[in-house]
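Model the full assembly from the supplied sequences, consistent with the hints where possible.
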Amino acid sequence: MQAALTAAWTTHIPLLQASSPAQVVATLLRTHLRPNLHSHIFIDFCAGAGGPTPSIERHLNNPTVTQQKEKDEEQKEPLQFVLTDLHPHTDLWSQAAAQSPNISYVADPVDAAHVPRELVAKYTKQGEGGEKKVFRLFNLAFHHFDDGLARRILRDTVEGGGDGFGIFELQDRGVAGFLACCLFGIGTLIMAPYYAVLWGSPLALFFTYVVPVLPAVLVFDGWMSCLRTRTPDEVEALLRTCGAGEAEIAKWEVKSGSEMFMWPVGSVNWVICVKR
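In the working numbering, the protein residues as written are 613 to 888.
Quick caveat, the hints were computed from the structure, so don't treat them as lab data. Treat the hints with care, as some may be off.
In silico DSS-like links for lysine-lysine, alpha-carbon gap of 25 Å or less [said to hold, decoys possible]:
no.	residue 1	residue 2
1	Lys887	Lys744
2	Lys744	Lys734
3	Lys863	Lys744
4	Lys867	Lys887
5	Lys863	Lys887
6	Lys863	Lys734
7	Lys734	Lys887
FRET-style restraints, in silico, Cβ to Cβ [as the list claims (entries may be wrong)]:
no.	residue 1	residue 2	range
8	Glu860	Leu761	36 to 44 Å
9	Pro690	Phe832	35 to 43 Å
10	Asp833	Arg888	30 to 38 Å
11	Asp833	Pro690	29 to 37 Å
12	Leu698	Lys887	18 to 26 Å
13	Ala615	Arg840	17 to 25 Å
14	Leu761	Asp833	15 to 23 Å
15	Ser712	Met872	25 to 33 Å
16	Pro647	Leu801	26 to 34 Å
17	Thr702	Phe832	28 to 36 Å
18	Leu810	Arg888	37 to 45 Å
Think of the CB as a built atom: it goes at the ideal place given N, C-alpha and C, for glycine as much as any other residue.
The structure is reproduced here in structure tokens:
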């Protein structure tokens with residue numbers, strides 16, 4: 613399941629897609645965190661098997677030709693990304709870290725609602741240009757939290773040394789969101805032979821074409837995720853009622869939107885909130 617979701621984030625099909633969803637997220641971060649992009653360190657608090665974060669790192673640290681001038685003007689050092697989770701996948705994270713010096717991970721469980729202050733302090737002190745700002749990533753994850761847990765996570769972000777957070781989803785509660793989830797099933801039927809060879813798993817073919825468990829589970833899981841996905845207004849309401857002080861919450865600015873990566877229903881729905 614996690615491998616399939618990672619593929620959904622990182623796959624770029626020419627002619628059908630202008631870019632992968634992970635590249636869309638990278639562009640959003642570059643756009644909305646400028647001119648202070650490189651003063652941040654990015655911590656993925658629900659990294660799972662790695663998700664799109666390694667791909668986001670590549671796109672941000674290895675920009676296209678049109679972005680190179682901007683990079684040269686503002687970058688003093690590569691952006692750093694940290695993988696964490698309540699249930700660490702260190703075997704997969706170590707592979708991602710081995711492929712890029714800009715990716716690291718925390719081997720111990722990390723609860724996004726109770727992030728150790730020493731962990732935040734450790735990463736804010738990294739970097740050649742002084743202390744870093746911590747930007748928390750929630751990639752295809754925030755809809756898993758009920759309202760109580762979501763508020764605790766947001767309160768920890770506000771009070772626990774966070775300087776920004778990003779919520780990125782591939783679905784919403786609209787009709788387009790439910791139709792987009794059907795693409796997971798179709799994509800599985802198309803891509804199963806490739807991934808069966810890549811993963812060395814003939815069973816992937818069996819459970820795709822003979823007993824179509826994989827496409828059915830992916831579509832059903834996607835529909836359930838649609839029902840749980842919050843609108844930007846609902847996320848902001850949780851932030852305003854998370855229990856942190858009103859004066860502190862007032863410092864946070866919420867931006868949101870939807871960026872299409874594949875016509876007509878494939879979109880990245882996003883909320884970016886930064887402390888001003």
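Here is how each hint holds up against the structure:
1. For the suggested pair lysine 887 and lysine 744, the alpha carbons sit about 13 Å apart, so the restraint of at most 25 Å is met.
2. For the hint pairing lysine 744 with lysine 734, the CA-to-CA distance comes to about 10 Å; that is within 25 Å, so the pair holds.
3. For the proposed pair lysine 863 and lysine 744, the alpha carbon gap of about 18 Å is at most 25 Å, so the pair holds.
4. Distance restraint check for lysine 867 and lysine 887: the Cα-Cα separation of roughly 12 Å lies within the 25 Å cut-off, and the hinted pair is therefore satisfied.
5. For a cut-off of 25 Å, the pair hint linking lysine 863 to lysine 887 stands: about 6 Å separates their Cα positions.
6. For the given pair, lysine 863 sits about 24 Å from lysine 734 by alpha-carbon distance, which is consistent with the 25 Å threshold.
7. This hinted pair checks out: lysine 734 and lysine 887 have alpha carbons roughly 20 Å apart, not beyond 25 Å.
8. Between glutamate 860 and leucine 761, the C-beta spacing of about 20 Å breaks the proposed range 36 to 44 Å.
9. Remark: the range hint 35 to 43 Å for proline 690 to phenylalanine 832 is upheld by a beta-carbon distance near 39 Å.
10. The hinted range of 30 to 38 Å is satisfied by aspartate 833 and arginine 888, whose Cβ atoms lie roughly 37 Å apart.
11. At about 34 Å, the CB distance of aspartate 833 to proline 690 agrees with the hint of 29 to 37 Å.
12. With their beta carbons about 24 Å apart, leucine 698 and lysine 887 fall inside the hinted range of 18 to 26 Å.
13. Range check, alanine 615 to arginine 840: Cβ separation about 22 Å, and the 17 to 25 Å hint holds.
14. A C-beta distance of roughly 19 Å is found between leucine 761 and aspartate 833, which places it inside the suggested range of 15 to 23 Å.
15. Between serine 712 and methionine 872, the C-beta spacing of about 28 Å keeps the proposed range 25 to 33 Å intact.
16. In this structure the hint that proline 647 and leucine 801 lie 26 to 34 Å apart at CB is violated, the actual value being about 45 Å.
17. Our hint of 28 to 36 Å for threonine 702 and phenylalanine 832 holds, since their Cβ atoms are close to 29 Å apart.
18. Taking 37 to 45 Å as the suggested C-beta distance range, the pair leucine 810 and arginine 888 conforms, at roughly 44 Å.
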